[in-house]
Amino acid sequence: MLISKHFGGAFLLSLGLLAGCTNKFLEESPSDQITDANFYKTQNDAIQAVTAAYSELTKEGQYNAALWAMDIAADISTTGGGGGSDGIEYTQLDDYNTPSTNFVAQRLWQGSFIAVQRANIVLQKVPLITGMDPAIQKRCLGEAQFIRAKMYFDLVRAFGDVPLYATQPTNLDQVNIARSPAADVYKQIEADLTSAITNLPTSYSGGDLGRATRWAAQGLLAKVLLTEGRKAEAAVQAKAVIDGSGKTMWASYGDNFKVENENNNAKESLYEVQFVNGRNQYDRNSVGSAMNQFFAPRRGGLVPAGDGYGFNVPEPDFVNGYEAGDTRKAVTVWVPGDVSPNGSLQPKSLPGSPFGYDCKKWFVGMVNTNIWDSPLNVPVLRLAEMYLIVAEGLGATPDGFEALNKVRRRAFGVDYNTPNAAHDLNAGSAPDFQAAVMRERKYELAFEFDRWFDLKRTKSLVSVMTAQSAYLATVGVRRGVPTDKNYVFPIPQTELDANPKLVQNPGY
Amino acid sequence: MKRKLYLAPSFRHTALLLACGLPVAARPALPALTKPALSVAADIPVTGRVVGTDGKPLPGVTVLVRGTNLGGSTDADGRFSLRAPEGSTLLFSFVGYVAQSVVVTSSNAGSISVSMRDDTQALTEVVVVGYGTQERGSVTGAISSVNGPELTRQPVADVTQSLQGKAAGVTITSNGGAPGGAAGTSVRIRGITSAGNNSPLYVVDGFPLPSPGDGSENQLNAISPNDIETIDILKDASATAIYGVRAANGVVLITTKHGKAGQATVNVDGYVGVQTVARRLNLLNAEQYAVINNESRLAAGKPIVVDRLRDPAALGAGTDWQDLVFRRAQIQNYSLGVTGGSEKASYALSATYFQQDGIVVGSNFERYTLRANGDVKIGSMLKVGNNIQLTHLSDRQVASNGGGNGNEYGTIQQLIRIPATIQPYRADGYWYEPTGSTDNFIEENPLASAQRNDQRFNRNRILTTFYAELQPLKGLRIRSNVGADLIFDNFNSFAPSAPPFPGVTSRYATAGASATSAYAPSYLIENTATYDRLIADKHQVTFLLGQSAQEFNYSNVEAYRTGYLRNDLRVINAGPINTLLANVGTISSPQHLASYFGRLNYEFAGKYLFSAVARYDGSSVFPPGEKFGFFPGASVGWRISEEPFLKGNPTISNLKLRAGYGKVGNPLNAGRFAYLYSINFGITYPFGPDGTINTGGAPTRLANANLRWENNDQTNVGVDVGFLDNRIEASLDLYNRNSPNLIAPVPVSYTSGTYEPVNTNAASAYNRGIDFSLTTHNFIGSNGGFSWTTTLNVSAFKTQLESLGLGVPYNGTSTLAGDPIVRYAAGQPFGSFFGYVADGLFQTADEVKAAPKQESGTAPGDIRFKDINGDGVITAADRTFIGKPNPNFTFGITNTLNYKGFDLSFFINGAQGNQIYNQNRYLLESALYGSFSGGTIVLNRWTGQGTSNDVPRAIDSDPNRNLRVSSHFVEDGSFVRLKNLTLGYTLPQTLLSRIGSRQVRVYVTGQNLITLTHYTGFDPEVSASGVDLGIYPQARVFTGGINIGF
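Top to bottom, those sequences are chains A and B. So for the first sequence, this note's numbering puts the first residue at 55; every next one is plus one. So for the second sequence, this note's numbering puts the first residue at 492; every next one is plus one.
Just chain A, same shape as in the assembly:
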């Protein structure tokens, strides 16, 4: 009985002890997670919050899938790829038959809004952080304003009216709001960029290379104003960038698209999306560019994963439209007979590419990985575009022609500051100045994901693409004919499902 008494006593005691300990036993905070309660407190937190806002740029919602569509949906390229449902997200745009479940529309919306809200958090939380280097604090705010403006600019152009958030919503009631008029969105974009111009430094060095500069913000402001049709104001901003940044264009067009030339403070790029490779992931939502793999010709030995996927195939009239001597052609497209780095020749036709054309601009070839990712940055804004904005803003004036001709001279491989009778345009050779600028933009910025936006802002999408579709039919390439609804993408179905206050764009 003695044993039992002791044992029973111990048992009861342990029950009591455990009961007393229970509350402590159940007090757990996640040791592998940080919550908003202990974040946004230090300079390091601020920088991390800004990094998060940048991160969507390298993902599918921006430069790793969605924005590729801006040439495919225009008159530069068709989907290509392997046929069947391969690249269905782009063939739907090719066909101007875009369901509300379209991947491109969905990812563009998703990625852009994620970045918008991460920028919003920075703008809300970083001013409250004490003990920060004021210069860095200011920079962080400028970067967030730049990102928010860039993302809203893509959203408003692609979808029209979109919900406008000045602060990050924290519950569903705050999330589910209606669309604001595009004009209000543009106002917000302009305000952000105007502030960013004062908040951002003019250049960076070392580990900060790749962050948005004042020139990035000002260049983007020029493009925003151009899009709004405020051409004269756009020209002023673009000229300020040309004059103030001290940057010059590369002598050779192709130098814009080389890994070794990235993030050069003195040269042409105003802002570029930063890609690196070697993460060894089949992932378009990381930091490696998938363009090397996705756009490379659909044949063996050119890229690490074997065959390229052959998407984004240039249309024949675009390839044939290069003027003789235009050095941009060899940089931009593969044509039959081109020699690849492994010595093989581009054939006369390939699966998905009946004329043997492929997009070359983002071709890197073999890199130190066995899968997709390539390290080539994407210049979002280049000085060349600033010249073209100046040209468009000034119109058929001597200064307008000079700005346009600077871009043309460089394209033909001659010094761009020296007039060149062979390649310069003038009122005689280019009676329709606006058309000449648009053509130059088409060739200068091809595969830099701008063409659809250009057709849109000039209200020429339906007419140009109707004609293009008719032309392509004569060479055996099928694509659809747009209607007015195609000036915007459909609001993604998942968003309509989640937010009852959203109303679909007409026609979808």
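Quick caveat, the hints were computed from the structure, so don't treat them as lab data. All C-beta atoms in this analysis are idealised placements derived from N, C-alpha and C, irrespective of residue type, glycine included. Treat the hints with care, as some may be off.
According to the in silico footprint, chain A covers these stretches of chain B (three or more CB under 8 Å from chain A) [to be verified]:
1) 1159-1171
2) 1183-1195
3) 1235-1247
4) 1338-1351
5) 1418-1430
Between beta-carbon pairs, the in silico distance windows are [claimed, not checked]:
6) B:Ala1065 x A:Thr302: 44 to 52 Å
7) A:Pro560 x B:Tyr916: 53 to 61 Å
8) B:Asn1440 x A:Asp337: 36 to 44 Å
9) A:Lys312 x B:Asn949: 40 to 48 Å
10) A:Ala305 x B:Pro1180: 15 to 23 Å
Selected chain A positions facing chain B (in silico; Cβ < 8 Å) [what the hints assert, rightly or not]:
11) Ser109
12) Asn151
13) Arg353
14) Gly360
15) Pro405
Fit chain B to the given chain A structure using the hints.
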């Protein structure tokens, strides 16, 4: 189109009846019916002896004169003596034996000899109910038990596979045929209550196993089926409530083998077998592929680009990829067990080796298990003991799209898609790598995807409990349990580079290695006190009070390196120093569960039964103020057959009514700390000249401070009946389970800047169903005579998501292209398929013109989709619910026949009324639209008006999007399968005594022998999700084995 022949439902029904056997036709031998003894008859002295099956005397057998209280029991020699009227009937009963009756006559009164037979049902007499056991007769909840040979008859690694079709209300679906059961099984007890975790809680020798958080359900493949004594499945909430917050999906209690007092026994079991793929698909040969491919290109106005396809007739049959990818594979299992004990101590030791090669090249599985269970009495009151199991398993899997969202690189999918025109190997014997320009195919060679990576998953698992039990006074037992479950996993992989070959630029140019190791320990401390007392001979009271605390941990570290210059050193540290590394890992903070529980069982006169349980559970993963939950359950029972008017009635030998109600929880779907607004640091962006990866931080999910576990309440009514001395036994249970606060991931608009759905207790659902089981002893032969037993289980349930509350319909499993297949919506069963409705094919251009507008390229030969909303155009809004994965009912029938030394058993199982979303057909028909090859089904394609209304035209790029998610790919998943056939022979005792052996049995089994189904994929069992993304096919297995006992 023609489909495979299948049995018409009526015939199937008849076959089912035949397989069950007809107990009435078996004409059971009724016990002698005699009139009750008349009181006027004079008592005469009666003596006799009772022996067991083995001829040895049985002490303690109750001997009773029928209809009286007169009687006694046998002595140590099995002898008895009493006085009874002449002509009266003596009843002999003893636990574990079938009761016998003998009529007293003047001639036999002096030497009545009775031989008691083992009651085969006796093994189920005691039921494990969680923190204790109960006699079957006293059970008031819904509990199914499976034991003995049922668990080891099938050659499977995971015992849950053996449970399939063996327990009513338990629906088990294999997730694929990968070796070692590595794909796992879906175990669903009484339907589906959640869009997330639906797996039951597994408790091994009292230790509740941690629930897998990642949805992988192969919890039990670390345990050798040879080690398991019984499995008891608690189904209704009045029974499961003792496990509280974790019990919503039912509880599976596993008891391993323990020693018994008596002579030591040694058992050696072994089997060896061969496996082949149970079914192949009919795939296009080279010539057929070229014809279809050319036709589809020309139809789309595209040129033929690959020269070799220009002359299909010259291509012949080409490569038979199924011949190369599938193989005959070996399976083997050897087990050695020793059990024994004395009055003071007992032990059970065992060692088992299981090995299985996969039927897909490159896959194999191996497992070693060691077990030691023992206990010893110290003094008169204290007993201490332990259960310990060590497992090592090693697994090489091939990617086969076993489940979850699409993995486009699975071997099975590549096998279907790769054209037969492609050669498997290059001249140096290495795998040939197809290219777009020569082969029109740029995916991987399936032989390479299955075999190239040198990868292996290893798991070491230690599961142990130690206990001390004190009986300070009669009826009181105080027990302490301390246990640990330590899981050590590592996964190493090396992807070698290809040897150089002239003219080939290999996609395998770079070699790389990865290594992952994970550690998941869980610890348990439990204290219980049980008090058992019979008061005034009529009131049987059992009272349990207990406390439990459990901790769960998880950590892992992951690394990889690439750019290896050689293929022989395959470890992480042998990689190039300056190459890119990833170092990923986590140490989760421990999760704690603290619980208090109690149970009261009250039984009046063995007739009226009452049971109440309650558990108070607290979990550390829930928000303060929401940590604790109370889970009660109660049930009542009435053993009508114990009432005087039925007692002793030989026709109705058992009749019991049961009813119960309880409330239980399911914490898993809430997630760890999901109530917090946490910052995600997996967000990166490169800066600087070298592209240094910077880590960013942002919330990726909105917070929900009110998040709680899911609740479930369940009402159960049941009846147990036995007829003719329990030669026919049946059990019927009806249940209604309501889930009022299910967690629905409320999808959030991306405009929030977050993308993870917010888990919210928003949804409600119900499950209503019937469990029915029937066992008939069609023939009972003693001493080697013919005996035949049939067991039938039928489970049927209806499940429906009633409301999503704040949530909106959301998507589950999606296709390879990312289009949703599964959608959760109010008014629909869980897991319903969502898509367009295919309504045959357009036959003429006029039909296309007259129909609602589909796509700009729609033409005759394309699928006509239904305009559900009637707006004249086919859009995403025309999608609707097109099928459900849940069967109307599932069943299992086991027949066991014995004659002389022979035993024969066959097991048939099936499911009826479920649908499968056949993504295989998507692959098989992809041949119509461009690059890929596919199945011979496309030979029946539409080629002109009236040629087909089922298989579309061949047209490159699929302008009508015939491949969209639609009812075109939904097929009937019903099946009936001869799952197992076993024939055994036990050597006669005369022979055994000569070789000094207690028992020798040799047997052969066949597994997955015949499957009758409409389904056109590899196998109709495609996991509970019902979406076949290309599962690892089931194997047909033939084994031969031997059991030897000493």
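Results of checking the hints against the structure:
no.: 1; hint: 1159-1171; verdict: holds (count 6)
no.: 2; hint: 1183-1195; verdict: holds (count 10)
no.: 3; hint: 1235-1247; verdict: holds (count 10)
no.: 4; hint: 1338-1351; verdict: holds (count 3)
no.: 5; hint: 1418-1430; verdict: holds (count 4)
no.: 6; hint: B:Ala1065 x A:Thr302: 44 to 52 Å; verdict: holds (48 Å)
no.: 7; hint: A:Pro560 x B:Tyr916: 53 to 61 Å; verdict: holds (57 Å)
no.: 8; hint: B:Asn1440 x A:Asp337: 36 to 44 Å; verdict: holds (42 Å)
no.: 9; hint: A:Lys312 x B:Asn949: 40 to 48 Å; verdict: holds (46 Å)
no.: 10; hint: A:Ala305 x B:Pro1180: 15 to 23 Å; verdict: holds (22 Å)
no.: 11; hint: Ser109; verdict: holds (4 Å)
no.: 12; hint: Asn151; verdict: holds (6 Å)
no.: 13; hint: Arg353; verdict: holds (4 Å)
no.: 14; hint: Gly360; verdict: holds (3 Å)
no.: 15; hint: Pro405; verdict: holds (5 Å)
Violated hints: none; the structure is consistent with every hint.
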